[in-house]
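Listed below are the residues making up each chain.
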Amino acid sequence: MHISRNRRGFALPTAILVIGILSISIAAGFTLLNAERRGVDDQQAQVSAFVLAQHGLETFFVKRDSLGFTSRPPAAKEGPIRIMLKGGYADVQLDLVRPPVGSLAGLYVVRSRGTQTKGAINGIPAGVRTVAQYAAWEPATMEVMAGWTALTGIRKNGASGSFLGVDACGDSAAIAGVAVPVIPGFNRPETADSTEYLGTTVNDAAREVEIDWAGIVAGTAIAPDYVIPPDAVPSFADTTFYPVIYMASSGSVGTSALNHGRGLLIVRGDLDTGSGATFNWKGIVLVGGDLTGNGNNNINGAIVSALNAKLGQTVPINTVNGTKTYQYNSCEVAKSLMSLGALVPLQNTWVDNWVEY
Amino acid sequence: MKQLVRSRRGMSIAELLIGMVILAIVGMGLTRVMSSQARYFDHQKTSNLARAVSRGPLNRVVSDLRMVEAAGGVMSASASAVTMRVPYAIGVVCGAGPNNTYTHISLLPVDSAMYSGLGYSGYAWRGGDGVYHYVDDNTTKEVGTLSVCNAAQVTSLTAEGARIIRIMPKLDAAATVGTPVFLYRKIRYSFASSTSVPGTIGLFRTRIEDNFSEELSAPYDASAKFRFYVGSNLVAQAAPPSNLATLRGLEMNMTGLSERTPTGATQKKKAPFVTAVFFKNRLN
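Protein chains in written order, with my numbering: chain F, 1 to 357; chain W, 1 to 284.
Treat each hint with caution, since some may be false.
Derived pair list, reagent style DSS-like, types lysine-lysine, alpha-carbon separation capped at 27 Å [to be verified]:
id	chain 1	residue 1	chain 2	residue 2
1	W	186	W	225
2	W	280	W	45
3	F	63	W	225
4	W	270	W	225
5	W	280	W	225
6	W	225	W	170
7	F	77	W	280
8	W	280	F	118
9	W	141	W	170
10	F	86	F	63
11	W	141	F	86
12	W	141	W	186
Every beta carbon over 12 Å from chain W, so not counted as near; a handful from chain F, in silico [what the hints assert, rightly or not]:
id	residue
13	11
14	31
15	59
16	71
17	82
18	105
19	123
20	124
21	170
22	174
23	182
24	239
25	325
To be clear, the hints were calculated from the coordinates, so they are not data collected in a lab.
Ideal Cβ positions, reconstructed from N, Cα and C, are used throughout, including at glycine.
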């Protein structure tokens with residue numbers, strides 16, 4: 001009887017060996033590639049996070065209002081707000097370092113924490129980096145020539161009263177008590193610290209005073225907090241409240257709620273401080289027409305009147321009756337302009353070693 | 001019944017020879033594959049290592065150099081070494097305090113490892129024009145008093161790790177409340193002969209105050225060097241400017257090498273690597 005039996009070959013073991021060797025080679029290749037990729041990803045994540053953080057910081061400085069922070073000057077703390085960016089996001093936060101003091105700007109620190117999301121590997125922490133920079137709330141500036149700058153001159157009735165250019169705040173140099181053109185001038189120079197002449201004529205004075213009155217009247221230069229009418233006079237119970245108030249026409253303020261107030265008061269027409277009444281104001285008073293100082297006046301800050309002369313209009317001479325005090329005060333001027341300022345990054349104060357990093 | 005006992009037939013000499021030839025051919029192929037794979041991986045690995053040489057110290061270098069203040073931060077510069085005043089903590093002046101002998105500073109929160117590192121060299125305060133005034137001072141800073149900052153209405157982020165320090169003697173009278181101040185270390189970065197991989201170039205970081213030097217990475221190609229961005233020029237120049245205050249950044253040529261020559265090659269693997277760091281604290 002014949003028994004047929006196949007002999008065993010070696011093709012299968014050889015094939016398994018080849019497959020095994022190739023598999024090991026491929027696995028080693030992947031391992032090498034993975035290590036390289038991880039290294040590159042880490043570098044990329046750090047760079048991306050840094051770029052996102054810096055982008056967030058700069059966005060906050062240029063688009064603070066658009067991000068919903070409209071407080072002027074900024075509140076003690078703003079944010080954090082998440083700014084979505086391509087490839088990730090930035091969490092930006094502002095903290096008050098020092099409030100405005102006198103005429104000094106308020107100081108803040110803005111930090112931005114960038115987080116990379118695009119390309120992040122699952123299970124691996126996202127790339128994160130924080131940058132920060134100091135910023136100052138710079139009030140708008142105004143060239144104050146005198147305690148009272150009157151483009152059409154001042155006629156003072158009576159010998160009493162004070163027009164003082166010495167800074168009541170004490171941190172700025174003294175200026176003139178009164179600034180007027182030679183014609184019609186100021187008839188009682190003895191009541192002022194000193195008198196500065198803004199050229200010979202009203203037109204000369206109008207050129208000297210560089211306030212954008214046309215822009216203010218048109219509503220393009222300053223955005224008032226209150227326009228009276230239709231707005232009611234705000235409460236001044238909060239002594240840190242320095243609003244911008246625009247009176248659309250002439251007015252007598254001595255008997256109104258505006259007779260004790262603060263801030264930047266803009267009067268489009270004439271201003272009568274009210275006979276027999278009191279007008280106490282801390283800040284800046286800008287008057288388009290003539291200012292008639294009746295009653296008991298005590299203005300701490302700066303006054304500029306007859307600004308309609310800059311529009312080519314004829315404005316009568318300003319008149320002051322009786323005892324008054326018009327005192328230059330640089331701190332009150334600065335406070336009045338505070339809300340018209342801007343958040344400005346302080347150059348040379350950038351850091352990227354915030355503790356979160 | 002007759003039992004059938006049949007042994008398997010053996011291979012003939014011809015079969016054996018044919019089998020051995022086939023096995024030899026297959027074996028040669030396998031050996032060649034393995035050998036070329038091994039060489040390929042060796043090349044890849046050495047290339048990776050060469051690239052890692054350049055990447056390794058980048059974080060450290062960039063973190064130090066980015067915060068350098070352009071106008072007064074660079075002390076000396078050449079193609080092989082730059083010495084800088086590297087800021088590591090920034091804050092603002094709070095005031096002199098009750099005894100009127102110190103200036104108290106409220107610092108921003110800063111990484112504790114960076115703050116506690118050795119090598120404090122001095123401080124600089126920012127004038128109203130934005131220009132820093134450097135004061136070399138190797139006295140360790142003392143812990144300041146929070147109440148001095150509170151009295152000056154300076155809010156300190158102490159809950160987030162901010163520190164209050166005090167400096168003696170007092171800062172210049174012009175450094176009033178709110179004036180920014182930073183602490184700095186003098187650091188030298190240099191390309192020099194490597195100690196860890198002899199015969200090559202290494203990147204060293206040296207603290208000037210105690211002359212402590214550490215080799216951050218090696219080996220680099222002999223072409224490793226610094227180049228200099230001056231003013232608003234878009235291209236780095238080889239020589240440092242005569243006025244170092246005009247320096248705005250550094251280009252670093254950090255071509256890395258593998259530590260050994262890969263199998264089958266005649267020279268070490270090179271990984272060309274050029275990067276740049278620009279100073280973020282600058283007025284123009």
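Tested hints:
Between residue 186(W) and residue 225(W) the alpha-carbon distance is near 20 Å, which keeps this suggested pair within the 27 Å criterion. Simply put, residue 280(W) and residue 45(W) have alpha-carbon atoms about 36 Å apart, too far for the 27 Å limit, and the pair is violated. Our distance criterion of 27 Å between C-alpha atoms is broken by residue 63(F) and residue 225(W), whose separation comes to about 41 Å. The straight-line distance between the Cα atoms of residue 270(W) and residue 225(W) is roughly 15 Å, inside the 27 Å bound, and the hint therefore holds.
Between residue 280(W) and residue 225(W) the CA atoms are separated by roughly 22 Å; this keeps the pair inside 27 Å, and the hint holds. The suggested pairing of residue 225(W) with residue 170(W) is violated, with an alpha-carbon distance near 41 Å, which exceeds 27 Å. Between residue 77(F) and residue 280(W) the alpha-carbon distance is near 25 Å, which keeps this suggested pair within the 27 Å criterion. A threshold of 27 Å between alpha carbons decides the hint, and for residue 280(W) with residue 118(F) the separation of about 26 Å falls inside it, so the pair holds.
The straight-line distance between the Cα atoms of residue 141(W) and residue 170(W) is roughly 12 Å, inside the 27 Å bound, and the hint therefore holds. Between the alpha carbons of residue 86(F) and residue 63(F) the distance comes to roughly 17 Å, so the proposed pair stays at or under 27 Å and holds. With a C-alpha separation of about 42 Å, the suggested pairing of residue 141(W) with residue 86(F) is violated against the 27 Å cut-off. Under the criterion of a C-alpha separation no larger than 27 Å, the hint pairing residue 141(W) with residue 186(W) is consistent with the structure, at around 16 Å.
For residue 11(F), the requirement that its beta carbon stay farther than 12 Å from each beta carbon of chain W is not met, with the minimum near 9 Å. Separation of residue 31(F) from chain W is inadequate, the least Cβ-Cβ distance of about 10 Å not exceeding the 12 Å criterion. For residue 59(F), the requirement that its beta carbon stay farther than 12 Å from each beta carbon of chain W is met, with the minimum near 17 Å. With a cut of 12 Å on Cβ distances, residue 71(F) stays outside the contact zone with chain W, its closest approach being about 16 Å.
At the 12 Å boundary, the C-beta of residue 82(F) stays outside the reach of chain W, the nearest C-beta of that chain being 19 Å off. Under the 12 Å C-beta cut-off, the non-interface status given to residue 105(F) relative to chain W is violated; the minimum distance is some 8 Å. Here residue 123(F) stays apart from chain W, with its beta-carbon at least about 22 Å from theirs, past the 12 Å limit. Distance to chain W confirms residue 124(F) as a non-interface residue, since its nearest Cβ pair spans about 17 Å, more than 12 Å.
Distance to chain W confirms residue 170(F) as a non-interface residue, since its nearest Cβ pair spans about 15 Å, more than 12 Å. The claim that residue 174(F) is not at the interface with chain W holds, since no C-beta of that chain comes within 12 Å of its own (minimum 21 Å). With a least CB separation of 37 Å from chain W, residue 182(F) remains clear of the 12 Å interface cut-off, as annotated. Look at residue 239(F): its CB is around 16 Å from the nearest CB on chain W, clear of 12 Å, so calling it non-interface holds up.
No Cβ of chain W approaches the Cβ of residue 325(F) within 12 Å, the least distance being about 30 Å, so the stated non-interface status holds.
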